[in-house]
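K.L.:
Here the protein sequences come in this chain order: A and B.
This note's numbering puts the first residue of the first sequence at 1, with every later residue one more than the last.
This note's numbering puts the first residue of the second sequence at 1, with every later residue one more than the last.
Quick caveat, the hints were computed from the structure, so don't treat them as lab data.
Careful, some of the hints might be misleading.
Stated by the list, open to error - Pairwise CB distance ranges, derived in the manner of DEER restraints:
| # | chain 1 | residue 1 | chain 2 | residue 2 | range |
| --- | --- | --- | --- | --- | --- |
| 1 | A | Ile161 | B | Leu196 | 17 to 23 Å |
| 2 | A | Ser287 | B | Thr184 | 54 to 60 Å |
| 3 | A | Asn24 | B | Leu299 | 56 to 62 Å |
| 4 | A | Pro437 | B | Leu299 | 19 to 25 Å |
| 5 | B | Gly422 | A | Leu436 | 38 to 44 Å |
| 6 | A | Gly183 | B | Asn389 | 31 to 37 Å |
| 7 | B | Thr195 | A | Ala123 | 58 to 64 Å |
| 8 | B | Leu162 | A | Lys402 | 31 to 37 Å |
| 9 | B | Gly294 | A | Val393 | 42 to 48 Å |
| 10 | B | Leu162 | A | Asn389 | 23 to 29 Å |
Using N, Cα and C, we set each Cβ at its ideal position, and we do this for glycine too.
There are 2 protein chains.
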Amino acid sequence: MSTVVQQLDHTHNPTARSWVISANAGSDFPIQNLPLCRFEEARESRVGCGIGDRILDLTAVAIAVELPESLRDALQYVAGGQMRPLMMAGSYAAKALRHALFAALSEDASDALQKQLKPYLRAQVDTTLVLPVKPYNFSDFYSSIHHAARIGALVRPDAPILPNYHWLPVAYHGRTSSILASGTSFHRPRGQVKTLSGGPEYVSCRRLDYEAELAIYSGAQNALGEPIPIGSALNHVFGIGLLNDWSARDIQFWEYAPLGPFLGKSFATHLGDWVVTADALAPYWTSPPWSEDGERKLLPHLDDPDMRSKGGLQVRVDVLIRTAKMRAEGIDAYKISTSNFKENYWTIAQLVAHQTSNGTNLEAGDVLGSGTLSGPTDDSRACLMEFTNGGTVGFDLPTGEKRTFVEDGDEIVMTGWCDAPGFPRIGLGEVTAIVLPAR
Amino acid sequence: MSTVVQQLDHTHNPTARSWVISANAGSDFPIQNLPLCRFEEARESRVGCGIGDRILDLTAVAIAVELPESLRDALQYVAGGQMRPLMMAGSYAAKALRHALFAALSEDASDALQKQLKPYLRAQVDTTLVLPVKPYNFSDFYSSIHHAARIGALVRPDAPILPNYHWLPVAYHGRTSSILASGTSFHRPRGQVKTLSGGPEYVSCRRLDYEAELAIYSGAQNALGEPIPIGSALNHVFGIGLLNDWSARDIQFWEYAPLGPFLGKSFATHLGDWVVTADALAPYWTSPPWSEDGERKLLPHLDDPDMRSKGGLQVRVDVLIRTAKMRAEGIDAYKISTSNFKENYWTIAQLVAHQTSNGTNLEAGDVLGSGTLSGPTDDSRACLMEFTNGGTVGFDLPTGEKRTFVEDGDEIVMTGWCDAPGFPRIGLGEVTAIVLPAR
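Using the sequences and the hints given, assemble the complete structure.
P.N.:
In structure tokens form, the structure reads like this:
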């Protein structure tokens, strides 16, 4: 039997429709999605659910006495306006919320209920979203072998993939203080970099890069000292979103031996506004790319029959750039890459099982970054370090501008969605930010 | 002019005495110390101040209407029972609190005030302390060159000290979820380790180690994008405490390339109960060990005349072991090592300046770990990896037991204090924990 969040139910029915009609017209937020977000109203935090081009104010609904008690009960964990209590409540609470929202927003909902709910809908376009949660812990994996191989070839041509890579999903801890909401501009970092002539210098980063990643949000916590078995790993996943792991390659290159990335990463990390819950992902699981490779040896705590058959997840992630000149001239963002998490060497269940295999505890709302989602093809290289081969091969933009790394004024936009034959596309929204000059 | 927290004032007067008489008899908590802690009373968090063998309940004092308003005002930031608001309030608020407490606890305080305060004193021995603060960010440095050289010699005999070491204080981010209060036992971690014969295995750690460190707690926050200049770095330091950075050497050794330590560290990290505030440290600053070495080149953002003359800090840290057998037989803990932070290659001001040099923001209560506080001598090797030369040279205990790494049932105790000629010794308390068998 597969993990409960991987099971299809009526909420995944591709023919289901919402009475919020914008949800039915090829929206990335159809009723099968029901992603969560957070926003502020009169400085108070609220949790919302995306439906078409609207947001349902779940925090308001949770305390609206005129609404059915069963609906309010299912929303009890977001009544305080934060997402963390719901994350902490575990997978059954998340499923109950999804089912209640599906019933309330379905075209089968009673006219009376529709009328009662309408005042709690607001336009997404008029709503400024904030970070879904302030994560207490952020670990960043290196789980695409295509990314690891290309980066490895640049820095260790003789041994691009190290021996441990095939046995464990390599990762490091990132900084949480500088995690930013999508849309928040930031200044190009300064830092210590190596000069060709000898000693280092403290300068503005010259090799600013992005990394397109998924954020995997943890849900139900485990106690310290109790690893999460891989078979129940997905029950500890609350959902996924987009993540841009900004990287200052010149700072990183000089600092990283022997203890790994530090200031090359910690100046800014952006999370997407939306969290697509684990239950919404059920139709999009697939076999990992190596599943038919009998040679893939795994230690038992990172192996599982279910994971081998459907541990991969079909999430498309595109990276686009919009320079200051493109914005001024009204030119559409230019797509640099398109990749899919289903190509990933390590699966979400393996990341969770490995992360906790030493007994460390997940706190609700922790972010496990997938690492750069590069695939095998050239157009799926999901950071510029790969895309420009270490800054040696630039690319042209429609304006005639050329890029090898990210320049001041550039906006990097990542968009993502899940898609699978026979099911609607459900979106993760986007994560975007403009780079300001160094101060 | 030196940083405000480095300036001596009347609170450092070595002849000052408290009306709490246990503070005057060679206590580690004399009136010149006034360290802070946190405890719970009826499940409510409170901030306390150590004085002799007592704790003054600052949270209760802050809201005690019968007490002088000036005293209560100075304690306003701890009225809510948490240390973070005080940390966030910055160095002037911390100094005001220190001065108010000094006046209130001095033998010069009026009889009336002494009588009013007595009900708010409690015995330390009857009080269970909790973590001073839940840090949102934990970065761990590698700032002792003696530690780096010995570890480097074990893993890279041809290049023990890498070129970047002299130019920046190497560090990585640690995990905050598994930060534990002193006295909290934990289970030996399991993890993936390399076997001699080939592939890895998932087993109980066989090379469990400690690292004696200082925890440097951040105070006033900086805005994202605004590095803290080294000249004002100490104004962003709230105080220091003890830290045991438990390390599973076999897990760490297999996982750490190329992104640094992860599961080899994240299973448990212990913080001492007490925070000695930055103002209390004024008498103990000294010149760094390399200060007369004209060859020590530093980039301007990590250099400062004040730091060169008194950037070092005299903090003695001892490591002791008490095995299960020693406890059963009533044998005193056995001292393994004794080291002093004044030997450190990188100073606190440099750690803060480097950490924020890319613009990342400190949040109040963040922990910057000094890294293992090893000195140049054999008896100052502050982790077993060094002390037993990579596990090759064991040592004997009074019970006849032998150790190369930490065994189940062992308690590791670290104690620390500041000392300088002409000034009283002020203690950091201890950090201790017993290792339980793997589950």
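K.L.:
Is 38 to 44 Å a correct range for the gap between the Cβ atoms of Gly422 of chain B and Leu436 of chain A?
P.N.:
violated, 51 Å
K.L.:
Measuring from beta carbon to beta carbon, are Pro437 of chain A and Leu299 of chain B in 19 to 25 Å?
P.N.:
The hinted range 19 to 25 Å holds for Pro437 of chain A and Leu299 of chain B, with Cβ atoms some 21 Å apart.
K.L.:
For Gly183 of chain A and Asn389 of chain B, compare the CB-CB distance with the range 31 to 37 Å and indicate the outcome.
P.N.:
Violated - the Cβ-Cβ distance for Gly183 of chain A and Asn389 of chain B, about 53 Å, lies outside 31 to 37 Å.
K.L.:
58 to 64 Å was suggested as the range; check whether the CB atoms of Thr195 of chain B and Ala123 of chain A agree with it.
P.N.:
Given about 59 Å between the Cβ atoms, the range holds.
K.L.:
Taking 42 to 48 Å as the stated bounds, is the beta-carbon spacing between Gly294 of chain B and Val393 of chain A within them?
P.N.:
Holds, at about 45 Å.
K.L.:
Could you say whether the range 56 to 62 Å given as a hint is met by the Cβ separation of Asn24 of chain A and Leu299 of chain B?
P.N.:
holds, 59 Å
K.L.:
Is it true that the C-beta distance of Ser287 of chain A to Thr184 of chain B lies inside 54 to 60 Å, as the hint says?
P.N.:
violated, 42 Å
K.L.:
Can you let me know if the beta-carbon spacing of Ile161 of chain A and Leu196 of chain B is within 17 to 23 Å?
P.N.:
holds, 22 Å
K.L.:
Could you say whether the range 23 to 29 Å given as a hint is met by the Cβ separation of Leu162 of chain B and Asn389 of chain A?
P.N.:
Cβ of Leu162 of chain B to Cβ of Asn389 of chain A: about 26 Å, so the range 23 to 29 Å holds.
K.L.:
Take the C-beta atom of Leu162 of chain B and the C-beta atom of Lys402 of chain A, compute their distance, and say whether it sits inside 31 to 37 Å.
P.N.:
Holds: the Cβ-Cβ distance is about 35 Å, inside 31 to 37 Å.
Taken one by one, the earlier hints fail for this structure at numbers 2, 5 and 6, listed in ascending order.
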